[in-house]
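**Q** Protein sequences, first through last, are from chains A and B.
For the first sequence, position 232 (counting from the first letter as 1) is numbered 231 according to numbering that gives the first Met the number 0, and the numbering increases by one without interruption.
For the second sequence, position 108 (counting from the first letter as 1) is numbered 107 according to numbering that gives the first Met the number 0, and the numbering increases by one without interruption.
If you are wondering where the hints come from, they were derived from the structure by calculation, not from laboratory data.
Just so you know, even glycine gets a beta-carbon here, dropped at the ideal spot from N, CA and C.
Heads up, some of the hints might be wrong.
These stretches of chain B come out as covered by chain A in the derived footprint (C-beta under 8 Å, 3 or more residues) [claimed, not checked]:
| # | stretch |
| --- | --- |
| 1 | 14 to 20 |
| 2 | 42 to 54 |
| 3 | 83 to 91 |
| 4 | 101 to 112 |
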Amino acid sequence: MSKLLAQPASGQRVSICLLAVALVLYPLVFSDAFYRDIGVTFLLAAISASAWNIVGGYAGQVSVGHSMFFGLGAYTPLLLYALWGWPPLVGIPAGILLSIGLAVIVGLPTFRLSGHYFSMATIAVAELIRIFVGTWALVGGAIGLQGPAIARGWWDLTFRGDLPYYYIFLAVLALALAVTYALEQRRFGYYLRAIKSSERAARSLGVPVRRTKLQALALSATFTAMAGSLYGVKTGFIDPDSGFGILVSVQMVIFAALGGAGTLFGPLIGALILVPLQTAANTWFGGGGSGATFVIYGGIIVLIARFEPGGLFDLWRRLAPLLRRRGHAA
Amino acid sequence: MVLVQVVVGGLLLGAVYALFSSGLTLIWGMMNFINFAHGEFVMLGMYVALLVVVWLGGGPAAFGLAAAIALFALGVAVYALLIRHVARGPMLAQILSSFGLALLLRYTAFWIFSANFVTLPQTSLAGTIAIGGIYLPVAQVVAGLVAVTLTIALHLLLTRSALGSRLLAVAEDRTAAMLMGIRPDRMQALTWGLSAGAAGVAGALLATAYPWSPSVGETFGLLAFVTVALGGFGSVLGSLYAGLIIGLIEAVSAYWLGAIYKDIVVYGLFVALLWLRPQGLMGKA
């Protein structure tokens with residue numbers, strides 16, 4: 000229990016502040032477009048993995064189809080722009096609302112079932128949507144959709160250069176983490192962890208299991224859709240694979256699981272390690288065509304599952320006291 | 000007449016779906032574990048067939064057997080090295096282990112074989128036969144018949160043999176089985192071997208009739224989920240019926256609606272099933 004109830008210790012608070020300062024200063028120190036691009040990619044990955052973490056990590060409902068929310072978030076603003084020229088600033092909330100609706104539609108039936116079913120159902124729904132969107136000409140079919148090429152105003156959220164995006168993404172990440180932290184401290188957070196450790200026990204103690212899972216999924220979908228919409232607006236382009244593809248979902252799971260699923264900063268740490276690694280792998284092996292990046296991803300996931308299911312955060316929590324003791328002895 | 004041909008073709012392909020899905024349902028039923036890498040086992044079976052034909056010049060019997068043996072060995076190895084350690088651990092570890100394995104196998108295949116579609120060089124199963132006015136490729140007929148036979152054999156092995164009883168005993172109650180002198184690890188390793196072996200043979204059978212690339216594993220994996228969801232988790236006979244039904248639905252919807260819509264129909268069916276009857280047709284509630 001002590002692990003569950005732990006408040007951030009003063010040492011942790013210092014490292015959180017350092018991390019925040021580092022993230023704010025990063026694009027100013029590394030002004031090269033290449034490094035700023037890595038920074039933006041990292042933030043996007045951290046937002047979506049943190050969003051996944053709410054339902055996948057805290058509540059233990061392992062979704063492998065979160066791309067459905069990401070894709071819906073990315074498609075909606077670009078579709079509203081393509082159809083009626085609506086600015087993305089209006090389209091983004093619309094995408095988030097649609098994603099919450101989708102979360103309820105997917106969650107209501109599947110949350111009656113035990114964990115594995117939920118994983119399978121999420122894959123199936125995401126694939127169904129991906130194929131459907133690929134055949135539907137109105138939403139761009141297999142080719143996809145484009146956003147505003149030149150901004151008509153700031154409300155188009157179409158900027159030159161990565162700097163404005165970087166700070167928008169950073170603000171959204173901070174919001175996602177703040178909301179997660181707030182939930183962690185409240186009854187809702189305890190409900191989630193109770194459901195994760197034993198659904199039956201949680202129900203017998205009066206936890207409204209289905210409602211809590213549904214709320215967690217809706218909240219998770221909200222932030223995932225936000226990440227998707229930011230991706231769509233920033234890239235100015237979306238197609239079925241980059242929006243709804245299974246690898247979009249897989250990345251969220253890996254980032255969160257590597258850092259530590261069900262911990263506040265786990266997904267961020269996972270993204271901090273894997274995004275530069277991915278960029279390096281793409282540079283070494285020449286683009287995504289060879290699939291080398293995903294061989295590494297697969298290997299990492301298998302190793303986490305086999306040796307450290309709690310992720311790096313858990314490993315650190317176990318190693319830190321040992322290291323400290325050794326430090327005192329020496 | 001065309002419709003009859005479509006229906007028969009769909010049933011023959013469905014029989015192969017039934018064979019690899021019975022492997023997935025076996026592991027689900029025995030261990031309460033979902034193998035997300037099952038489609039990749041099918042894909043590897045296809046490449047084993049290709050390598051045996053190209054390197055050794057083996058015929059259908061040889062590459063079918065080779066795929067069965069190679070994938071059986073892989074299944075046992077995967078169990079011993081990975082699954083045994085996570086099967087009774089946290090759910091996240093269970094899902095991640097087989098999911099990571101799927102990515103590892105799929106993209107290693109990409110790396111080695113490239114993303115291009117390949118076909119098996121012409122085998123002795125080339126050509127078509129005419130049965131009562133409908134024309135079918137020989138390879139498809141052989142694949143369908145072999146798949147039905149093997150699926151029924153697997154069902155009989157589980158329900159009628161002493162080995163099957165031992166496997167079921169472990170699934171029922173691990174500790175009690177252990178007290179009866181059954182080694183659970185050995186039985187579960189065998190389950191994984193049989194499951195992957197079934198997928199491997201199914202892959203070799205599919206390779207005789209269809210072109211493929213490393214990404215087919217994802218398609219077949221999802222198809223196996225749909226089949227198992229329809230047939231009921233843990234029921235080999237259920238997956239036989241379900242495989243045939245899905246092959247039929249796929250063929251007919253491709254014929255009436257167009258090939259791109261057949262996946263929408265099948266996945267839509269899956270989602271509807273999870274909604275309405277999560278225990279499947281033959282499964283227990």
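**Q** State for each hint whether it applies.
**A** How the hints compare with the structure:
no. : hint       : in the structure
1   : 14 to 20   : violated (count 0)
2   : 42 to 54   : violated (count 0)
3   : 83 to 91   : holds (count 6)
4   : 101 to 112 : holds (count 9)
Comparing the model with each numbered hint stated earlier shows that hints 1 and 2 do not hold.
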